[in-house]
Amino acid sequence: MSSSSKNLELLNAIIAMCRSDSKWPHYFFDLGYGVKWIEQPFTCSTGEKLVPDLVMVSSPQNNCILFESKSGNNIENSQAERYKKIKPRDVVSKLFVDVVGGQEPSVDVSYLCFSESTQAITTQLNALSATFPVLEMAPNVLRVAANQFSVSKINDDLSKGIAIERNKIPMGYFSFDENSSDSEIAPLIMQTLVSFARQNKPHFKSDEITQDIVGSLWEHFGAGLRKNLVNKVKSILGKAQVRELRGFLSKNGPYWSLSYSFPASDVFPTRRLVSLSKKCKQFVKRLRDEERAEGRQLALFILDE
Amino acid sequence: MASYLADAMYSSYDRYRTEQKLEPDTGLLKSYLIEAHAVSGEKSQHDEIFSFLRQLAEHTLSQVFESEDETLFNVLHGKDVYYLDVSDPRFWIMHTLALSIRADKLRSKFIKVSPSLDNAWLSSQMLERITRFGQFRGFGAIHDETPFIREEGEEAEVETMHLRLWGGSAAIVLKTLRKSEVFPHSLALSSVRLKYWLPNLEDEAVIDNFTFDGKVTALGRSFISHTNLVARLHASYAETIRGIEDELPICFVPENEIPTLKGHPIIISLTRELKDIEDFVRRVFSSSLPFRLWGVSEIYDDDFARVYAVDLHVGRKLTFEVAKDFIRVYLPPASCGNTIARFYANIQQYYDSGASISGGPREQLF
Numbered sequence: 001m002s003s004s005s006k007n008l009e010l011l012n013a014i015i016a017m018c019r020s021d022s023k024w025p026h027y028f029f030d031l032g033y034g035v036k037w038i039e040q041p042f043t044c045s046t047g048e049k050l051v052p053d054l055v056m057v058s059s060p061q062n063n064c065i066l067f068e069s070k071s072g073n074n075i076e077n078s079q080a081e082r083y084k085k086i087k088p089r090d091v092v093s094k095l096f097v098d099v100v101g102g103q104e105p106s107v108d109v110s111y112l113c114f115s116e117s118t119q120a121i122t123t124q125l126n127a128l129s130a131t132f133p134v135l136e137m138a139p140n141v142l143r144v145a146a147n148q149f150s151v152s153k154i155n156d157d158l159s160k161g162i163a164i165e166r167n168k169i170p171m172g173y174f175s176f177d178e179n180s181s182d183s184e185i186a187p188l189i190m191q192t193l194v195s196f197a198r199q200n201k202p203h204f205k206s207d208e209i210t211q212d213i214v215g216s217l218w219e220h221f222g223a224g225l226r227k228n229l230v231n232k233v234k235s236i237l238g239k240a241q242v243r244e245l246r247g248f249l250s251k252n253g254p255y256w257s258l259s260y261s262f263p264a265s266d267v268f269p270t271r272r273l274v275s276l277s278k279k280c281k282q283f284v285k286r287l288r289d290e291e292r293a294e295g296r297q298l299a300l301f302i303l304d305e
Numbered sequence: 001m002a003s004y005l006a007d008a009m010y011s012s013y014d015r016y017r018t019e020q021k022l023e024p025d026t027g028l029l030k031s032y033l034i035e036a037h038a039v040s041g042e043k044s045q046h047d048e049i050f051s052f053l054r055q056l057a058e059h060t061l062s063q064v065f066e067s068e069d070e071t072l073f074n075v076l077h078g079k080d081v082y083y084l085d086v087s088d089p090r091f092w093i094m095h096t097l098a099l100s101i102r103a104d105k106l107r108s109k110f111i112k113v114s115p116s117l118d119n120a121w122l123s124s125q126m127l128e129r130i131t132r133f134g135q136f137r138g139f140g141a142i143h144d145e146t147p148f149i150r151e152e153g154e155e156a157e158v159e160t161m162h163l164r165l166w167g168g169s170a171a172i173v174l175k176t177l178r179k180s181e182v183f184p185h186s187l188a189l190s191s192v193r194l195k196y197w198l199p200n201l202e203d204e205a206v207i208d209n210f211t212f213d214g215k216v217t218a219l220g221r222s223f224i225s226h227t228n229l230v231a232r233l234h235a236s237y238a239e240t241i242r243g244i245e246d247e248l249p250i251c252f253v254p255e256n257e258i259p260t261l262k263g264h265p266i267i268i269s270l271t272r273e274l275k276d277i278e279d280f281v282r283r284v285f286s287s288s289l290p291f292r293l294w295g296v297s298e299i300y301d302d303d304f305a306r307v308y309a310v311d312l313h314v315g316r317k318l319t320f321e322v323a324k325d326f327i328r329v330y331l332p333p334a335s336c337g338n339t340i341a342r343f344y345a346n347i348q349q350y351y352d353s354g355a356s357i358s359g360g361p362r363e364q365l366f
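Heads up: the protein sequence lines correspond to chains A and B, in order. Read in this note's numbering, the first sequence has 70 at position 70, and its numbers run on one by one without any break. Read in this note's numbering, the second sequence has 220 at position 220, and its numbers run on one by one without any break.
Simulated from the structure, these hints should not be mistaken for lab results. We treat Cβ as the ideally placed atom computed from N, Cα and C, and that holds for glycine. Watch out, some of these pointers could steer you wrong.
Stated by the list, open to error - Covered stretches of chain A, as calculated for chain B (at least 3 residues, CB under 8 angstroms):
(1) 27–40
(2) 164–178
Unchecked claim - Subject to a maximum C-alpha distance of 30 angstroms in a straight line, what follows is the list of computed DSSO-like cross-link-like pairs (lysine-lysine):
(3) 279/A with 175/B
(4) 112/B with 281/A
(5) 324/B with 201/A
(6) 153/A with 87/A
(7) 23/A with 85/A
(8) 205/A with 43/B
(9) 6/A with 175/B
(10) 278/A with 275/B
(11) 227/A with 262/B
(12) 160/A with 6/A
(13) 23/A with 275/B
(14) 201/A with 262/B
(15) 168/A with 285/A
(16) 168/A with 6/A
(17) 6/A with 275/B
(18) 175/B with 43/B
(19) 205/A with 275/B
(20) 175/B with 201/A
(21) 285/A with 324/B
(22) 324/B with 281/A
(23) 251/A with 201/A
(24) 285/A with 262/B
(25) 205/A with 281/A
(26) 285/A with 6/A
(27) 275/B with 324/B
(28) 278/A with 112/B
(29) 279/A with 275/B
(30) 262/B with 153/A
(31) 279/A with 43/B
If we strip away everything but chain A, and leave its shape as in the complex, we get:
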């Protein structure tokens, strides 16, 4: 599993807590929190740029939480220093967070990490005198591991912890980003190809399929991020067309073409679809195997060094 997907796990776990879901704790949803921005760059009143991974806002609590997810053991010192300078008026003027009853919202910056990294991250934050609440995800519990949120109820509840199953995090909100590995993105691409075939859209450009995969977030992504995602998808399609999906997928100039069509008189061409499904799975498996092999080679290289 890539470090990107670990970051996405952390983010999806929190996003899911802001939705109504009877099989995952909906703690933040009950407190009136909603998910507002994802990876939105903005400039503070001090002129410094920040890109929080996730912004959550609750009008009932008059509070805004900016999350920075850390799947590893390190924080970026300069980033933490910039976060220290953030003011309520910054989130009101730049992230358009509402002012409730004439009062600016309280603002928290929270570092989100797995329990294996809590100590390292807390130590580094302490060294910078950054008192950001650290929210840690252990295998069976989510809790505040260090410092305090502005909303005392969150501190009371999350210092005890909320039961979760870390291996069953709902991941349907934010499925991939520019750092996701090929094998993590490939199933989403395969799904979209079949969807296009079914909807009789046999010709498409790389940016069209990427937009379809990203969904409604596409509108809110900047040009740089969009370009990176399109290149990623293009590269995976390129790998698929010369191997497992040869004969199904081809490229002519900027357009990709699907040779697969659903016969008009038969919407259940089961055998052909099962065969396609197998090819898609083989492709994803090959990508995973290649990534594992690359990981092993890298590990050996580091040992040799």
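Put chain B on the given structure of chain A with help from the hints.
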């Protein structure tokens, strides 16, 4: 159309009462609720639907005719006439006096030929609510676990079961069966029968039989009572499907200039644990009937799977997460709510009659 069907219904019911048989080559009045995606907004609704029906007719050896009412089309198939009411362009009602065997076959053919059409899928709970429209007079329960039997000779709790009871004691029998828990996972209602009449028209009662795939068969004299019941089913079903499509898809929408996450996952809670998630996923997402879902899956060690699926009905994507005791579904924007109705109704019919479904503020979607 209405007066013809009303007369035919009246005379065929009289003959049925006196001679216990129907007119030759004619059946009872049937009305099918069909979900359709035939209108794109490019032309007038009438023209788009007419053009769609003409294409459909080519593949089903039928003929389509316009009528004086622009929301009513007549379809001729063999000797049988079908009256297609498209006044709601998304949920059509097809009336016919054709024999069941022929009418069912044509409806299936329509759906097989066109991915833009689907049955209405009524959950057990919805069928039970329908009984409250009138007097509950009977029920059928069919459980067929064949799609989930892994090997020949493998023992299932209940492999297949066909249960049918007509009579005034239906409610008591159903309650007793449920209470006894003899079929804890296999007692999904596949049909219900009820007696109904409009206020002050008790002599004009109709007995209607509703099946879980959206078919309503009328027995009785009153066409108006029958159409009234069908209209109530249509309103209730359409409202549920549109509610799913409006409230649950997961998407970021601008709200006071801020991209805000909307929507909620749909949760199907199982009362019967999935013993082999990989096998379940393989069968459900095999592209075949009754689920009509294609999927590429990731299976995790700890009894959890994620499936990137496509509904072969409309070609829309949706993502499933499958655990031993629940299934979570994420709908993207512009999803078809009927996909969820089909998935849930068939899970109840084929695997777990006790499954419940929630989403967002709704504790039981259907």
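Each hint, compared with the structure:
no.: 1; hint: 27–40; verdict: holds (count 6)
no.: 2; hint: 164–178; verdict: holds (count 7)
no.: 3; hint: 279/A with 175/B; verdict: violated, 49 angstroms
no.: 4; hint: 112/B with 281/A; verdict: holds, 27 angstroms
no.: 5; hint: 324/B with 201/A; verdict: violated, 36 angstroms
no.: 6; hint: 153/A with 87/A; verdict: holds, 22 angstroms
no.: 7; hint: 23/A with 85/A; verdict: violated, 38 angstroms
no.: 8; hint: 205/A with 43/B; verdict: holds, 28 angstroms
no.: 9; hint: 6/A with 175/B; verdict: violated, 49 angstroms
no.: 10; hint: 278/A with 275/B; verdict: holds, 23 angstroms
no.: 11; hint: 227/A with 262/B; verdict: holds, 26 angstroms
no.: 12; hint: 160/A with 6/A; verdict: holds, 24 angstroms
no.: 13; hint: 23/A with 275/B; verdict: holds, 19 angstroms
no.: 14; hint: 201/A with 262/B; verdict: holds, 28 angstroms
no.: 15; hint: 168/A with 285/A; verdict: holds, 21 angstroms
no.: 16; hint: 168/A with 6/A; verdict: holds, 13 angstroms
no.: 17; hint: 6/A with 275/B; verdict: holds, 28 angstroms
no.: 18; hint: 175/B with 43/B; verdict: violated, 51 angstroms
no.: 19; hint: 205/A with 275/B; verdict: violated, 42 angstroms
no.: 20; hint: 175/B with 201/A; verdict: violated, 50 angstroms
no.: 21; hint: 285/A with 324/B; verdict: holds, 24 angstroms
no.: 22; hint: 324/B with 281/A; verdict: holds, 23 angstroms
no.: 23; hint: 251/A with 201/A; verdict: holds, 14 angstroms
no.: 24; hint: 285/A with 262/B; verdict: violated, 33 angstroms
no.: 25; hint: 205/A with 281/A; verdict: holds, 23 angstroms
no.: 26; hint: 285/A with 6/A; verdict: holds, 19 angstroms
no.: 27; hint: 275/B with 324/B; verdict: holds, 7 angstroms
no.: 28; hint: 278/A with 112/B; verdict: holds, 24 angstroms
no.: 29; hint: 279/A with 275/B; verdict: holds, 27 angstroms
no.: 30; hint: 262/B with 153/A; verdict: holds, 25 angstroms
no.: 31; hint: 279/A with 43/B; verdict: violated, 40 angstroms
Of the hints listed earlier, those the structure fails to meet are numbers 3, 5, 7, 9, 18, 19, 20, 24, 31, in rising order.
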